[in-house]
Amino acid sequence: MSDQFTTDPTKPAQRMRAGAMILPLSPWIIAAFLLCVMPFIFTNNSAITIMNQMAITIIFALAYNMLLGQGGMLSFGHAVYAGVGGFACMHIINWDGFFSGLPLPILPVFGGLMGMGLATIVGSFSTRKAGTVFAMISLGVGELIAACSVIIVAFFGGEEGISGDRTYGLPFFGVEFLQQIEVYYLIVFWLMLSAILMYLYSRTPMGRMANAVRDNPERAEFLGYSARWVRFYSFVASGFFAGIAGALFAINYEILTEENLNTTQSGIILLVTFLGGVGFFFGPILGAIVFTLVQTVLSLQTELWGFYLGIIFVATVMFFPGGLAGLIMMHVPALRLGKLGHLGVPYLKTLLPAAIGTLGAAALVEMTFHVRHAATGDHEMTLFWTTFDSHSFLPWIIAGVVTFVGFAITRATAPALVEAWNEANTPEGMSR
Amino acid sequence: MSPALELDGLKKSFGKTEIIRGVDLSIAKTERHAIIGPNGAGKSTLFNLITGRFPQTEGAIRLHGQDLAGKAPFEINRMGLSRSFQITNIFPKMTVFENVRCSLLWSMGYRYNFWSMVGRSRALTEGADEILQQINLTARRDLPAGVLSYAEQRALEIGITIAGGADVIMLDEPTAGMSHSETDYIVELIRTVTEGKTLIMVEHDMGVVFGLADQISVLVYGEIIATGTPEAVRGNARVQEAYLGTALEDH
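Keeping their order, the protein sequence lines are chains C and R. All residue numbers for the first sequence refer to the numbering used here, where the first residue is 1 and numbers rise by one. All residue numbers for the second sequence refer to the numbering used here, where the first residue is 1001 and numbers rise by one.
In case anyone wonders, no lab produced these hints; they're calculated from the structure. None of the values given here were measured: they were computed from a predicted structure. Yeah, the Cβ is synthetic: ideal placement off N, Cα and C, and Gly gets one too. Do not take every clue at face value.
What the hints assert, rightly or not - Cβ pair distances, simulated, as ranges:
hint, chain 1, residue 1, chain 2, residue 2, range
1, C, Ala32, R, Arg1122, 28 to 38 Å
2, R, Ile1087, C, Gly158, 50 to 60 Å
3, R, Arg1120, C, Ile29, 15 to 25 Å
4, R, Arg1122, C, Phe307, 47 to 57 Å
5, C, Lys129, R, Arg1111, 18 to 28 Å
6, R, Arg1122, C, Phe189, 30 to 40 Å
Please construct the entire structure, taking both the sequences and the accompanying hints into account.
In structure tokens:
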């Protein structure tokens, strides 16, 4: 024990500082590289549309997590700040005299400032208290501004929204943003910039105190910080980045409607963030990627994608409150012990049958939906590249058996997985 | 020299119940002052009044001669008063190091700064490490504070309380729920870290009180019935009556 105390305590710190320059940068460099080459891997236009959508959602989810994860504030109306930022940008796009002198890549700054301005006004009264009071005010304000969209038609454009043409801006080094791919790189630039800024923010005194206020507002007050002002500044910062996301939405789709700021949209961003995991910075990024894929790719396959998404969300909340990021980070101890490999086979034995069972269950759901909702006389449906008669017995039996057997095997192998999990998380030579 | 803390006719009622019934107290700079009294005497309420957790009903509280009326806890803290809590009150999800670093931020002038990196500041890191050394938690530096043992969490709380450089330190039952050896350890810790500062503490353990305090006030039913040196208080007839002579005789 005494040796521990006699060693120079500054040494490990110095060692960390030397390594600290390269290691934390690597995820950012990899991310930037990936974002740059993605359009060369997925070249078709619909893939780029999906990636644009994804990048915008990532920025919005990261901004939302500044509140939920970093600051412990549950907002039910955060789409308002993105939406209003987007509407403001749409108006700038339509303001010929001004927009013709403004390069499009600068536009998101205005969206951010608009979101920030609105957050300053709302935050001045909503951040007095955290918890339920804050959540209720956010919901109320969200509803209020969504209702304004049909009242203040001059700004929100009523039911048809506001649309414009992004290509009228001042050409940016000759680029007029006619092509999706040009917009992609614009969005990716803002994604990297916003993500880096939000990450750095979490390392500043304000970012640290946001965590402190989240965990224990009373203690933070006795350290000289007003919990209310800490919440307020987090809220304003989050509003700024939400506004940037809204601006990018305006640039990408060239139309904004009430749907961009209503409570459904606010609910979706909460879902995305929670699905990804609020406890880690990269959680919302994962959430946004998975959600966008489910929303775009799965929605092409089935009308019931919202149903599946709901199940995924409920399962996440119930079984993995840390979200996808938490699920990944759960494996770090095993990785540190060098025993991650021990989990491979047990995982395969349990998760593969579970996946097959899930597909079987999904088939049952789809067939039920088809029987109930297809036009009368239309008995033919296609599922998993197979066309069959949804009113005959055989497909039902097959799907039922696959589901049952899949889940039965999962259940039978689960104890072995738990055993393997415990083993992989126990240091060598230590008994449990 | 004005006293570090002065209470003047302080009263507090919750509804019709008067918990603090007119307390006058003057605590000099660098004094170690213990407030004792039976359960329900209002000791914690008195603490909460001084630190701005509750507003007082009547009377005045002055810190270094400045009236604290209407001040929020964070403002009182900025004026140089820091407190610990009866129930351990730390940031359990943060590391031990971060707990201390957070408590240094305001006093090091960072305020609501959102442009400098806390990890880059040598002064912050060294300051926090120094406090960790004082409270002997250097070995626990990078653990989440929530996993520390009870005594270690109490030590950390004292570290957080002193870290901001406040010159008036208020400790609410710092040794509650501790074993004998842990108590001895914490008492020594309090003695060293509050060197040259004004210490005000509520404590039940008479061994701690008589070992640490220069001055003792006895609070009974919201009134101070005696203030003085440990010897004087021990000999006071009213105090002996309040305590039925039992607790004090052992020491």
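Going down the list of hints, with the structure as the test:
no. : hint                               : verdict
1   : C:Ala32 <-> R:Arg1122: 28 to 38 Å  : holds (30 Å)
2   : R:Ile1087 <-> C:Gly158: 50 to 60 Å : holds (55 Å)
3   : R:Arg1120 <-> C:Ile29: 15 to 25 Å  : holds (20 Å)
4   : R:Arg1122 <-> C:Phe307: 47 to 57 Å : holds (55 Å)
5   : C:Lys129 <-> R:Arg1111: 18 to 28 Å : holds (22 Å)
6   : R:Arg1122 <-> C:Phe189: 30 to 40 Å : holds (34 Å)
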